[in-house]
Amino acid sequence: MTSDENNLLDVAPGQPHSNILSEVMAYVIGLGLALLLTGISFWVASTSVLWGPGIATGLVVLAIAQMGVHLVFFLHITSGPDNTNNVLALAFGVLIVFLVMIGTIWIMAHMNANMAPDPNMMNLMTQRG
Amino acid sequence: MTTEAATIGLTHGGSEDTGLGNRGPESKSIVVPYGFWLFVLSDIVLFSALFATYAALVRATDGGPTTNQLFDRNLVAIETVALLLSSFVCGLAIIFAKRANMLWTQVWLLVTGLFGAIFLFIELYEFSKMIGEGAGPQRSAFLSAFFTLVGCHGLHVTCGLLWLGTMMAQVWAKGFQQHILRRLLCFSIFWHALDIIWVAIFTIVYLIGTLP
Chain A
1 MTSDENNLLD
11 VAPGQPHSNI
21 LSEVMAYVIG
31 LGLALLLTGI
41 SFWVASTSVL
51 WGPGIATGLV
61 VLAIAQMGVH
71 LVFFLHITSG
81 PDNTNNVLAL
91 AFGVLIVFLV
101 MIGTIWIMAH
111 MNANMAPDPN
121 MMNLMTQRG
Chain B
130 MTTEAATIGL
140 THGGSEDTGL
150 GNRGPESKSI
160 VVPYGFWLFV
170 LSDIVLFSAL
180 FATYAALVRA
190 TDGGPTTNQL
200 FDRNLVAIET
210 VALLLSSFVC
220 GLAIIFAKRA
230 NMLWTQVWLL
240 VTGLFGAIFL
250 FIELYEFSKM
260 IGEGAGPQRS
270 AFLSAFFTLV
280 GCHGLHVTCG
290 LLWLGTMMAQ
300 VWAKGFQQHI
310 LRRLLCFSIF
320 WHALDIIWVA
330 IFTIVYLIGT
340 LP
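As they're listed, the protein sequences go chains A and B.
Read in this note's numbering, the first sequence has 56 at position 56, and its numbers run on one by one without any break.
Just so we're on the same page, this note's numbering is the position in the second sequence counted from 1, plus 129.
Because the hints were derived from the structure by calculation, they are not lab data.
Check each hint, because a few of them may be wrong.
Coverage of chain B stretches by chain A, computed from C-beta distances (three or more under 8 Å per stretch; other residues unrestricted) [to be verified]: (1) 161-171; (2) 182-195; (3) 204-216; (4) 219-230; (5) 314-323; (6) 330-338.
Chain B side only, calculated, beta carbon under 7 Å to chain A, not exhaustive [what the hints assert, rightly or not]: (7) Ser177; (8) Ala178; (9) Leu179.
Pair by pair, the computed Cβ-Cβ distance ranges are [said to hold, decoys possible]: (10) A/Thr57 to B/Arg311: 36 to 42 Å; (11) B/Pro154 to A/Ile105: 37 to 43 Å; (12) A/Gly68 to B/Glu262: 36 to 42 Å; (13) A/Thr84 to B/Pro341: 44 to 50 Å; (14) A/Val61 to B/Ile260: 30 to 36 Å; (15) A/Ser48 to B/Pro154: 30 to 36 Å; (16) B/Ser171 to A/Ile102: 15 to 21 Å; (17) A/Ile105 to B/Cys281: 30 to 36 Å; (18) B/Asp191 to A/Gly39: 45 to 51 Å; (19) B/Gln307 to A/Ile105: 40 to 46 Å; (20) B/Thr295 to A/Trp51: 45 to 51 Å; (21) A/Val61 to B/Pro154: 37 to 43 Å.
These figures come from a predicted structure and were not determined experimentally.
Backbone N, C-alpha and C define an ideal beta-carbon position, used for all residues, glycine too.
Let the hints inform the model, and build the full structure from the sequences given.
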């Protein structure tokens with residue numbers, strides 16, 4: 001117990017804390033990082049300093065970083081041995097999410113481009129205004 | 130041999146675990162949050178399908194209003210901060226609940242609910258404003274996808290608020306028993322996950338949607 005109190009910040013964010021101060025500190029750090037990343041996202045989206053075509057990609061990267069912060073500091077997903085099952089389930093979930101999203105976007109983009117020019121099949125294109 | 134068979138699939142790898150299956154099934158305090166984590170992940174997979182639908186239909190506006198004309202970044206910023214603070218305060222409530230501190234657990238849970246309600250009111254205001262301007266879900270494929278995606282998240286927040294009220298009442302009436310704490314922990318997992326989904330929504334729908 002005393003060694004924990006001496007090394008308040010020596011505990012990984014998701015690990016159990018015996019000290020209430022260090023446990024609150026982990027949440028405060030998480031909140032600070034999340035607010036910082038959110039602020040950067042809104043700034044990136046509204047500034048004209050950055051290279052325009054890259055902004056959307058940058059925003060997605062910032063969002064993924066913020067999700068990581070939430071997972072570590074709020075949901076306590078760690079690399080510790082008692083978290084193996086949680087991490088594996090998360091990895092599988094992320095795999096499915098990427099398959100669904102990238103697969104859909106990829107296929108739908110190419111379907112619009114490669115479809116035979118039958119007007120009835122071009123629904124999405126004709127709706128574009 | 131029988132002990133090994135009993136532990137397959139449930140060894141959770143504590144520090145003293147040799148990997149040879151010497152321990153029995155984990156306690157409920159491990160298994161219940163794990164099961165709930167699986168539910169939350171499947172919920173996230175559901176949202177990924179809605180995100181994919183939105184991405185495929187976002188330009189199918191049928192001559193109606195586009196993302197740049199509809200979305201207000203200032204409102205979204207307030208919503209984002211409200212939900213983030215709600216998630217943070219929910220974590221504080223769990224910290225005090227683990228220490229069986231009734232007063233602060235209830236106070237932080239109440240603040241969690243208030244921030245969640247602020248988020249929900251702003252979202253409903255935005256929805257009613259859009260529908261009033263003739264940009265309801267039946268206007269175009271883009272708007273159908275938008276209301277399905279963001280509305281589904283809002284519905285989750287609404288359910289979360291109802292759950293939150295129930296948990297406040299249960300903590301108040303039954304105290305910090307083990308099964309009540311487990312339910313509270315599951316609620317916090319749900320609430321944090323909703324914030325993660327909102328990060329994706331405000332980035333993909335609102336920020337990328339309002340790029341010049």
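Going through the hints against the structure:
1. 161-171: holds (count 5)
2. 182-195: holds (count 10)
3. 204-216: holds (count 6)
4. 219-230: holds (count 4)
5. 314-323: Coverage by chain A holds here, the residue count being 3 at a Cβ distance below 8 Å.
6. 330-338: holds (count 5)
7. Ser177: holds (4 Å)
8. Ala178: Because about 6 Å separates B/Ala178 from the closest Cβ in chain A, which is inside the 7 Å limit, the hint holds.
9. Leu179: violated (10 Å)
10. A/Thr57 to B/Arg311: 36 to 42 Å: Once the Cβ atoms are compared, 41 Å apart, the range 36 to 42 Å for B/Arg311 and A/Thr57 holds.
11. B/Pro154 to A/Ile105: 37 to 43 Å: holds (42 Å)
12. A/Gly68 to B/Glu262: 36 to 42 Å: Given a distance of about 37 Å, which is inside 36 to 42 Å, the answer is holds.
13. A/Thr84 to B/Pro341: 44 to 50 Å: holds (45 Å)
14. A/Val61 to B/Ile260: 30 to 36 Å: Once the Cβ atoms are compared, 34 Å apart, the range 30 to 36 Å for B/Ile260 and A/Val61 holds.
15. A/Ser48 to B/Pro154: 30 to 36 Å: violated (58 Å)
16. B/Ser171 to A/Ile102: 15 to 21 Å: holds (19 Å)
17. A/Ile105 to B/Cys281: 30 to 36 Å: violated (19 Å)
18. B/Asp191 to A/Gly39: 45 to 51 Å: violated (35 Å)
19. B/Gln307 to A/Ile105: 40 to 46 Å: Cβ of B/Gln307 to Cβ of A/Ile105: about 45 Å, so the range 40 to 46 Å holds.
20. B/Thr295 to A/Trp51: 45 to 51 Å: Hint holds: Cβ distance 49 Å, inside 45 to 51 Å.
21. A/Val61 to B/Pro154: 37 to 43 Å: holds (40 Å)
Figure legend: structure checked against the earlier numbered hints; hints not met, in rising order: 9, 15, 17 and 18.
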